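Chemist: The residues making up each chain are set out below.
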Amino acid sequence: MKVTMTVNGTVRSGDVEPRVLLVDFLRTNLALTGTHIGCDTTSCGACTVRMDGDPVKSCTVLAVQAEGREIKTVEGLANGAALAPIQVGFHEEHGLQCGFCTPGMMMVTSALLERNPNPTDDDIRWAISGNICRCTGYMNIVKAVKHAAQMQSEAAKAPAGAAVAGGGE
Amino acid sequence: MSSTMHMHGGIGESIKRKEDGRFLRGKGNYLDDFVLPNMMHMAILRSPYAHARIKSIDTAAASAKLGVIAVVTGELMAQHKLAWMPTMSGDTQAVLATDKVRFQGQEVAAVIAETKYQAEDALASIIVDYDILPAIISPDGAKAEGAALIRDDKEGQSDNHIYHWESGNQATTQAAFAKAYKVVRLHTFYPRCHPAPLETCGCIADVNPATGKATIYMTSQAPHAIRTVFALVTGLPEQNIRIISPDLGGGFGNKVPVYPGYVVATAASLLLGRPVKWIEDRNENLISTGFARDFHMTGDLAVDKDGKMLALRVHLDSDNGAFFADAQPSKFKAGLFHIVTGSYDIPTAHVTADGYYTNKAPGGVAYRCSFRVTEASYLIERLVSNAAFELGMDQAEFRKKNFIQPEQFPYTSATGWVYDSGDYPKAMDVALKQLGYDEIKKDVEARRKKGEVTGIGIASFTEVVGAGHGAEFDILGLRMFDSAELRVHPTGKAILRMGTKSQGQGHETTFAQIVAEELGIPAQDVAVEEGDTDTAPYGLGTYASRSTPVAGAATAMVARQLREKARKLAAHLLEADEEDLVWERGKFYVKGSPERSKTIQEAAFAAYTNLPEGMQAGLEGVYYYDPPNMTYPFGTYAVVVDIDKGTGQVKVKRMVAVDDCGVRINPMIVEGQIHGGLAEGFGIAFMQLITFDEEGNCIGSNFMDYLIPGAWETPKFELGETSTPSPHHPLGAKGVGESPTVGSPAAYVNAVIDALSPYGITNIDMPVTSDKVWAALRSKGVTE
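Protein chains in written order, with our numbering: chain A, 1130 to 1298; chain B, 115 to 898.
Looking at chain A on its own, in the form it has when it is part of the complex (with noise of 0.2 angstroms):
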């Protein structure tokens, strides 16, 4: 059957059977790899995507489920070559190894940030207790999103239109 979204800002449509996860239909129909997954099982969080805001685990989500709906993927944080601030955060306090995760935990943290711009240590990583990672032991993590939120927190403060500063390649 037909399914139509939007993907990152753009009206995707693809035909699929009524049991395909979104997950899949992101991956093989849109070719929209940087979501991960880890478990099938709604337990690791490497697969988490925003649908209409909220993250979810698209694993646990069929395509059809999301007609209609806004969905944001890894893709589509960064704004051309300039990375957004969780980006930036999780590059600076080396808040990721392997990189299996670090999408699901990006789009997880930040959801977190647009709720709370200022979130403790325990806000943290409480909101991130649903992805796991098997590297960094999320110490780095953790800190990762406390440097996103400065960095948003002064570019609220800043003068309308200066630019976000960039990090990573």
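What the hints contain is simulated information worked out from the structure, not anything from laboratory work. Mixed in with the good hints, there may be bad ones.
Lysine to any residue pairs mimicking SDA-like chemistry, simulated, CA-CA at most 20 angstroms apart [said to hold, decoys possible]:
hint, chain 1, residue 1, chain 2, residue 2
1, A, 1275, B, 130
2, B, 130, A, 1258
3, B, 179, A, 1146
4, B, 607, B, 735
5, B, 257, B, 270
6, A, 1275, B, 826
7, B, 230, A, 1255
8, B, 230, A, 1193
9, B, 830, A, 1255
10, B, 230, A, 1279
11, B, 179, A, 1148
12, B, 765, A, 1254
13, B, 141, A, 1138
14, A, 1272, B, 832
15, B, 141, A, 1205
16, B, 765, A, 1258
Fair warning: this is a prediction, and the values are worked out from it, not measured in the lab.
Chain A is already provided as a structure; the job is to place chain B on it using the hints.
Modeler: Then chain B, alone, in the frame of chain A:
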């Protein structure tokens, strides 16, 4: 560090990682991200039983399903002599079962279909008729009288025993025990766990029917060794096999072995002439691929009346699963377990090990560990703390009294290891100071008087990492050297290729920093590539913390070779004598005239444009490094816990980790590695368990049963450092990625046992879950 160093990104600089950009943008290249034209998908049918004879397999209905191209069984594989494959421990392992299934999750058949969904759908239509046999789930079960023979396929195998192995000296150890003032015994089980990298294993096999070239994309930590194994197993000529290991979503030892799925997918691609993709799901990963530990250990420590250690005696039973497929150096049946005397000057030791077949998944891998060092470190550190409790001595003092002293290095241990360097008392002192040990100890004593259950755990581990040297350490005869190939381009930029394979350790940054240090080419100008066997020089891969000790050394050595050629080029450009040139990182200048200089980039350009008479063009080289010895990182970890008497819940209040891995190339990356290992050690100590019921059903087959620590459970870590350079490594570096997983489980558990020791509790097997702690307290009448 000087500002020049900062610009170059040389050794000791915490430069940001070069590889981050693609991962932050969702543009990593993990195996499942690859799509080849005309690619088919494979799914594997696995045994629901732990032990059963296969009476028949009916594939007719599955073959007729929509989208199905082929159904592969063991019978078909046998026609091509591929139903069985050799293991890394000199045994055989079934690729697809032909006679019996020997563990739950064993590969029985495979479906090749147009889509992943179609392949998985068809699995349900394969009808297998099984005759169920009794399952054996422990070494005790394996050696019981009348136990079923698991490996009836092996000629001459009449029981379930695999190997007996010994190290040390039985006679001198016995004599020392006879004179002991006290013998402290610890019997403990290091349970089975699983590395569970967030990305599971998989491959895409692409055998080109026109050329015969087999290109296999594979989640592999050791692509070159796998290429050679594939050549030997399949008979394909090695030049026609190309293994590409792309970005790996973690490995931790799980991606070292050859799995049946790789062989079946390759055979299917060969037979069908199209690429075949196979990606295991989490359940398959946990129930069938390389597990870790599963050692039943008994240690006896003999001490004199002053608390000096006299001798150590250890026996272990190893549960190896249905096939002896441990990934470890060929000469060592229980890995490097005989490092079990640890950080202590124990005059004599005797270690015996027996391995057994059971109806459990095969493939004991070094899960963030240098081949069974984790088990050894856990046993000795637990035993030492228990001995201190029993002797009424302070855990730290007892350790200090028995440490190998700094002036004793190089130190030959009772089981023959030659420790390269160390300063154990210093690491201990730094850790105790950082923890505030004396105050915390007073606090613990005061709170115990009020009836609270609280304790401190210490572990002072010694790791042995960086295999080889090649004469002693080999995988299937392949010596455990590693390699680096460095090419400097005319514009002074470079590409470095190595035989190792990063799984998140940051090789693209760390190894570029070694080139920056040795050759003066900024780290940003050095591309680092690994994992493609057609382009990278041969190496044994990344596991057992060997990349920096071995390939890192090779990188330094090849850079130094190129520097010598660059010296000749600079001398030619400066019309000076080679001997008159002084090297300052990034340039050569004429002694006494620093204004007469040529940069490394100018020398590189000259290598292609303006050569001295008789010199070959180019500035490139390759170095194969076979280390003279292993490296011996060490450290002291200290943990403080509070235990809730009512529920048995353990709260880790402090975790101080002081690591000494010699020279740190990128301290930021090293600290990140330590954080990660401490979290995995926490998981092993308190949460992660792969266990089995009496019928051999795997409990822990998904992330709802196999508990991985999340951010909420994981404690906060406080790191400290000492630095004792390796005397034989060209940069003074040692491996580090595994130290925290090796050292921390004992520190966590010792804290729990310290808290429980006033009640006479001496052991709780990992994972130390609330229910076990509660039951132990209840057995002593401490709680209701």
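Chemist: It remains to establish, for every hint, whether it holds in the given structure.
Modeler: For each hint, the structure was consulted:
no.	hint	verdict
1	A/1275 / B/130	holds, 17 angstroms
2	B/130 / A/1258	violated, 26 angstroms
3	B/179 / A/1146	holds, 17 angstroms
4	B/607 / B/735	holds, 15 angstroms
5	B/257 / B/270	holds, 17 angstroms
6	A/1275 / B/826	holds, 16 angstroms
7	B/230 / A/1255	violated, 35 angstroms
8	B/230 / A/1193	holds, 19 angstroms
9	B/830 / A/1255	holds, 14 angstroms
10	B/230 / A/1279	violated, 44 angstroms
11	B/179 / A/1148	holds, 18 angstroms
12	B/765 / A/1254	holds, 16 angstroms
13	B/141 / A/1138	holds, 18 angstroms
14	A/1272 / B/832	holds, 14 angstroms
15	B/141 / A/1205	holds, 12 angstroms
16	B/765 / A/1258	holds, 17 angstroms
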